[in-house]
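Chemist: These protein sequence lines map, in sequence, to chains C and S.
In terms of the working numbering, the numbers along the first sequence are unbroken and rise by one, the last being 255.
In terms of the working numbering, the numbers along the second sequence are unbroken and rise by one, the last being 252.
Read the hints as simulated data drawn from the structure, not as lab findings.
Note that beta-carbon positions come from the ideal geometry of N, C-alpha and C, so glycine has one too.
It cannot be assumed that every hint is accurate.
[Stated by the list, open to error] Some residues of chain S that are not near chain C, with every Cβ distance over 10 Å (derived):
id : residue
1  : Lys28
2  : Thr38
3  : Val48
4  : Glu55
5  : Phe60
6  : Leu89
7  : Asp91
8  : Thr94
9  : His106
10 : Thr151
11 : Ser221
[Unchecked claim] Below are the SDA-like pairs computed for lysine to any residue, each with C-alpha atoms no more than 20 Å apart in a straight line:
id : chain 1 : residue 1 : chain 2 : residue 2
12 : S       : Lys108    : C       : Arg35
13 : S       : Lys67     : S       : Met1
14 : S       : Lys78     : C       : Lys44
15 : S       : Lys78     : C       : Ile123
16 : S       : Lys5      : S       : Thr38
17 : S       : Lys45     : C       : Ile123
18 : S       : Lys108    : C       : Met66
19 : C       : Lys52     : S       : Asn12
20 : C       : Lys44     : S       : Lys45
21 : C       : Lys44     : C       : Pro137
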Amino acid sequence: MNLFYHLGSLFLRFLRDCGGIFIFFWQSLLATFSRPFRARLFIKHMEFIGVKSWLVVSLTALFSGMVTAYQVHHALVKFGGQSVLGGVVALTLTRELGPVLTAIMVVARAGSAITAELGSMRITEQIDALKMMAVNPIQYLITPRLWAGVITVPLLTAMANLIGIAGGYVVGVMVLGIDHGIFMARMEDMVELQDIMSGIYKSIFFGAFLVSVCGYKGYYASGGAEGVGRATTEAVVISSVGILIFDYILTTLFF
Amino acid sequence: MITIKNLKKSFNGFQVLRGVNLVIPEGKTTFIMGQSGTGKSVLLKHLVGLLSPDEGEIWFENRDLTKLSEKEWQEVRKKIGYLFQEGALFDSMTVGENVAFPLIEHAKLPEKEIEREVDELLSAVGLLEAKDKYPSELSGGMRKRAALARTLALHPQVILFDEPTTGLDPILQRSIFDLIMEVKNHFNLTCVIISHDVPLALHYTDQIAFLHEGVIVQIGSPEEIKNSNHPFVRNFLDSALIDGAKEVSHEG
């Protein structure tokens, strides 16, 4: 009985969170069209979510590209197909690893900070204070972050693709001895614009998703400092797992 | 004038407000008193739309506030200010930026004019020297004064104070109330104050309302309240009033 009760309440909580996050996203999106437009905040959040994430995303992409080249080479060499290494590494990065790893690193670096900041504003009544000054808190706090996420995550993804491929090139050509010309030619043969764009489209979705989840969890945090900590953990877990689940669903359906 | 009619509110099946009726007269100071956890802050938050009631009406300027949309509330909130218990200052902004915030959002004034108004407001609460400090660098009393300056920026007609002196020493409590009365008279405000401080309430206010078990059990002038025979009010007053405090109240 207890097990059913526990599972049921978990399921209800899951449904409530799903609905809440979607409504929150929708409200933030609609608030885009109400004045005043918050260009300065938008640029500030672009810097925080985008510019300040470049290093962590670059390092992740570089080493992922390098290790992918090693592992793929290990598999290809078994049937003498190592000449396609460049193409396989580029496809893996542009279609999957680039967008997914970038989004997860942005969750870890910027998403958690968004939840913690909003959560702390909530428990110190700063969000209510915004309301009391006749300012729509969602339009002020969330909408600029939402657009900053939607714009910067794909840009970071494009950068991650490039750096990851460079990492793969270093390992493939300089360490494993694949010919430069073959590496580049196979990459050009195998990777089409559509492959790159599918990753970029997914990253646009991930940008909106991670800001919605992290924003929602912080905005509705309760229970003091402990509550903010809990909200931050939940935001990071839901965003990261959600990105992987949606990656699978989007890839199956559209790409 | 604000008129509250039969206001009811429950949380998770527990009824906090069981039918509150209260008239808050214009230009006067009304104290709401009662034990901790009886729903005084809940009542106050209904007046600014931070909570919506299960039942009942709140009338202000010929409109029932309980029927307003969020957009309509935004207009009302420019007229009804709310001073949070801990001030709720934006901790990422300096005191000056905090006070300027509502002006930048709504007043559409040139930058110089906003600067001048911020200085004026901070002078009114005696905090001009702390203009460039962050809230974390201020004492509790200074934070409350800064929050008051920010609330005054939009020139509200009514200000609701949620325990404005909690956590302050008696001298600071007195100075905060003196300040509230000063700005009340200067800006011709209607003030609603939640407080546990009976001597100060008897000294400063025009009317006192006692909230007990979800309803207003007594409302009246300080003189009427002092002579109350209601068992709860009597008990509350007797517990709070010591001889010295009574003398303070007689001065008023």
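Chemist: It remains to establish, for every hint, whether it holds in the given structure.
Modeler: Checked hints:
1. In this structure Lys28 of chain S is separated from chain C by more than 10 Å, as the shortest Cβ-Cβ distance comes to about 22 Å.
2. Non-interface status of Thr38 of chain S relative to chain C is upheld: no Cβ of that chain comes within 10 Å, the nearest being about 20 Å off.
3. Listed as outside the interface, Val48 of chain S is inconsistent with that label: its C-beta sits roughly 6 Å from the nearest C-beta of chain C, within the 10 Å cut-off.
4. Every CB of chain C lies more than 10 Å from the CB of Glu55 of chain S, the least distance being 23 Å, so the non-interface label holds.
5. Against chain C, the non-interface label of Phe60 of chain S holds: every CB pair exceeds 10 Å, the least being about 15 Å.
6. Against chain C, the non-interface label of Leu89 of chain S is violated: not every CB pair exceeds 10 Å, the least being about 8 Å.
7. Listed as a non-interface residue, Asp91 of chain S fails to keep its Cβ farther than 10 Å from every Cβ of chain C; the least gap is roughly 7 Å.
8. The claim that Thr94 of chain S lies off the interface holds: its Cβ sits roughly 15 Å from the closest Cβ of chain C, which is beyond the 10 Å cut-off.
9. For His106 of chain S, the non-interface assignment is contradicted: its Cβ lies about 6 Å from the closest Cβ of chain C, within the 10 Å cut-off.
10. The claim that Thr151 of chain S is not at the interface with chain C is violated, since a C-beta of that chain comes within 10 Å of its own (minimum 8 Å).
11. The claim that Ser221 of chain S lies off the interface holds: its Cβ sits roughly 30 Å from the closest Cβ of chain C, which is beyond the 10 Å cut-off.
12. With a C-alpha separation of about 13 Å, the suggested pair Lys108 of chain S and Arg35 of chain C falls inside the 20 Å cut-off, and the hint holds.
13. A threshold of 20 Å between alpha carbons decides the hint, and for Lys67 of chain S with Met1 of chain S the separation of about 18 Å falls inside it, so the pair holds.
14. Under the criterion of a C-alpha separation no larger than 20 Å, the hint pairing Lys78 of chain S with Lys44 of chain C is inconsistent with the structure, at around 28 Å.
15. The straight-line distance between the Cα atoms of Lys78 of chain S and Ile123 of chain C is roughly 23 Å, outside the 20 Å bound, and the hint therefore fails.
16. Between Lys5 of chain S and Thr38 of chain S the CA atoms are separated by roughly 18 Å; this keeps the pair inside 20 Å, and the hint holds.
17. For the suggested pair Lys45 of chain S and Ile123 of chain C, the alpha carbons sit about 15 Å apart, so the restraint of at most 20 Å is met.
18. Restraint check for Lys108 of chain S and Met66 of chain C: not satisfied, since their Cα atoms lie roughly 55 Å apart, outside the 20 Å limit.
19. Annotation: proposed proximity of Lys52 of chain C to Asn12 of chain S is violated, straight-line Cα distance about 43 Å (limit 20 Å).
20. A threshold of 20 Å between alpha carbons decides the hint, and for Lys44 of chain C with Lys45 of chain S the separation of about 32 Å lies outside it, so the pair is violated.
21. For the hint pairing Lys44 of chain C with Pro137 of chain C, the CA-to-CA distance comes to about 17 Å; that is within 20 Å, so the pair holds.
Hints 3, 6, 7, 9, 10, 14, 15, 18, 19 and 20 from the list above are not met by this structure, while the remaining hints are.
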